[in-house]
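Sequence lines, in order, name chains A and B. Be aware that the first sequence starts at 1, since it is given in this note's numbering, and climbs by one per residue. Be aware that the second sequence starts at 1, since it is given in this note's numbering, and climbs by one per residue.
No wet-lab data here; the hints were simulated from the structure. Source: prediction; values computed, not measured. There could be a bad hint or two in this list.
Listed below are the simulated SDA-like cross-link pairs for lysine to any residue, each with C-alpha atoms no more than 20 Å apart in a straight line [unchecked claim]:
no., chain 1, residue 1, chain 2, residue 2
1, B, Lys129, A, Val169
2, B, Lys133, A, Ala167
3, B, Lys34, B, Leu13
4, B, Lys133, A, Ala12
5, B, Lys34, A, Leu7
6, B, Lys34, A, Val48
7, B, Lys34, A, Val61
8, A, Lys135, B, Ala159
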Amino acid sequence: MNLMEILKRYRAAIIAFVALAVFMFFFPSFGPKAGASLLEQARTMLLVVPPIFLLLGLMDVWVPRETMMKFMGPGSGIKGPLISFAVGSAAAGPLYGAFPVAAILMKKGASFTNILIFIGAWSTTKIPMLLFEMKALGVRFALARLAIDIPGIILIALALKAVIPKAEVERLYAAAAAMDIKPGMPANSGPKMMKP
Amino acid sequence: MDTLILYIAAVVLFALSAIKDRERTKKAFMKGLKALEGILPQLLAVLVFVAVILAVFDAEMISRFIGEKSGILGTVAAGLIGAITLIPGFVAFPAAGELLRNGAGTLQIATFVSSLMMVGIITLPVEIKYFGKRAAIARNAFAFIFSFAAAVFVAWVVAL
Numbered sequence: 001m002n003l004m005e006i007l008k009r010y011r012a013a014i015i016a017f018v019a020l021a022v023f024m025f026f027f028p029s030f031g032p033k034a035g036a037s038l039l040e041q042a043r044t045m046l047l048v049v050p051p052i053f054l055l056l057g058l059m060d061v062w063v064p065r066e067t068m069m070k071f072m073g074p075g076s077g078i079k080g081p082l083i084s085f086a087v088g089s090a091a092a093g094p095l096y097g098a099f100p101v102a103a104i105l106m107k108k109g110a111s112f113t114n115i116l117i118f119i120g121a122w123s124t125t126k127i128p129m130l131l132f133e134m135k136a137l138g139v140r141f142a143l144a145r146l147a148i149d150i151p152g153i154i155l156i157a158l159a160l161k162a163v164i165p166k167a168e169v170e171r172l173y174a175a176a177a178a179m180d181i182k183p184g185m186p187a188n189s190g191p192k193m194m195k196p
Numbered sequence: 001m002d003t004l005i006l007y008i009a010a011v012v013l014f015a016l017s018a019i020k021d022r023e024r025t026k027k028a029f030m031k032g033l034k035a036l037e038g039i040l041p042q043l044l045a046v047l048v049f050v051a052v053i054l055a056v057f058d059a060e061m062i063s064r065f066i067g068e069k070s071g072i073l074g075t076v077a078a079g080l081i082g083a084i085t086l087i088p089g090f091v092a093f094p095a096a097g098e099l100l101r102n103g104a105g106t107l108q109i110a111t112f113v114s115s116l117m118m119v120g121i122i123t124l125p126v127e128i129k130y131f132g133k134r135a136a137i138a139r140n141a142f143a144f145i146f147s148f149a150a151a152v153f154v155a156w157v158v159a160l
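Bound-form chain A, shown alone (with noise of 0.2 Å):
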């Protein structure tokens, strides 16, 4: 990769980086706010991320597709939901971190309901934080909401299913099966994702 490639590539990151500087010079009294929220931020970042990535590859290389398709596959009944609820609850880390999940278990032929429930279970149904919610908001409240996010969930992920055509799902699947290969490689010079 050349220079101007990767200066392509980071782009947006470093607009928003020049937009940074000026906000800063512009509003010093936020300077050292930003600085400590910056600070605090990459440190999250940085320590969740590179784990959750590399558990992707070992799963990537060692899960076949055809056991991922059989507990979240298109025919994998309600076991595909409940398990996708479940897996999402489990999860750690922030929200960011379950789109590249998403990818791996759409590349391995988890069904797009099934992903857009995990998706839902990763943002707002997850068991530690409830526990955090009921101390800090009661018991009440925190269960009311649970009660309340299983349902939207589901409504959300059909409604979801409805409105986004057919063949924009099949590329988000090509687009997810090529993911570790490198942009304006042809697609057949990566690894074969299924096993012979």
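Position chain B against the provided structure of chain A, taking the given hints into account.
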């Protein structure tokens, strides 16, 4: 704590994997690294947005918007602030509890918590990378609308 579990899981599983098949483990490691590098530009951009947003929307600012008797406007503000901020639950829940004890309404707090958890405007670049513009924006829009419905229900149950 979460993070520690993640690292222990990674180390243990990689060790097991290496015992079983060294070549495959190497491949897994490289795949993980490559995927990580793939998302790095988006992650860095998100990082900066978060820093700015959190510098502006601190607890004081948030409580000004969704404090006592802030009504419908406060509820909408709570939803919007929740949608654009990215605060981990273990920080957000105690802060929200504090606001609640200082007179903020249950409806506003529940809206804030729901939209904080389910909607991620700042992290959209990451979400779009994996889910495409259409699905990412639709998911956030639905989750945003749902946050208000969920909050009405939570406020109702708490008031029972």
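To see whether the hints hold, each was checked on the structure:
Note on Lys129 of chain B and Val169 of chain A: the hinted pairing holds, with a Cα-Cα distance of about 14 Å set against a maximum of 20 Å. Among the hinted pairs, Lys133 of chain B with Ala167 of chain A is consistent with the structure: their alpha-carbon atoms are about 14 Å apart, no more than 20 Å. Of the supplied pair hints, the one linking Lys34 of chain B and Leu13 of chain B holds, its CA atoms being roughly 19 Å apart against a limit of 20 Å. Straight-line distance between C-alpha atoms of Lys133 of chain B and Ala12 of chain A comes to about 16 Å, which keeps the hinted pair within the 20 Å bound.
Between Lys34 of chain B and Leu7 of chain A the alpha-carbon distance is near 18 Å, which keeps this suggested pair within the 20 Å criterion. In summary, the hint linking Lys34 of chain B to Val48 of chain A is supported, as the alpha carbons are separated by about 16 Å, within the 20 Å threshold. With a C-alpha separation of about 14 Å, the suggested pair Lys34 of chain B and Val61 of chain A falls inside the 20 Å cut-off, and the hint holds. Note on Lys135 of chain A and Ala159 of chain B: the hinted pairing holds, with a Cα-Cα distance of about 18 Å set against a maximum of 20 Å.
In summary, this structure violates none of the numbered hints.
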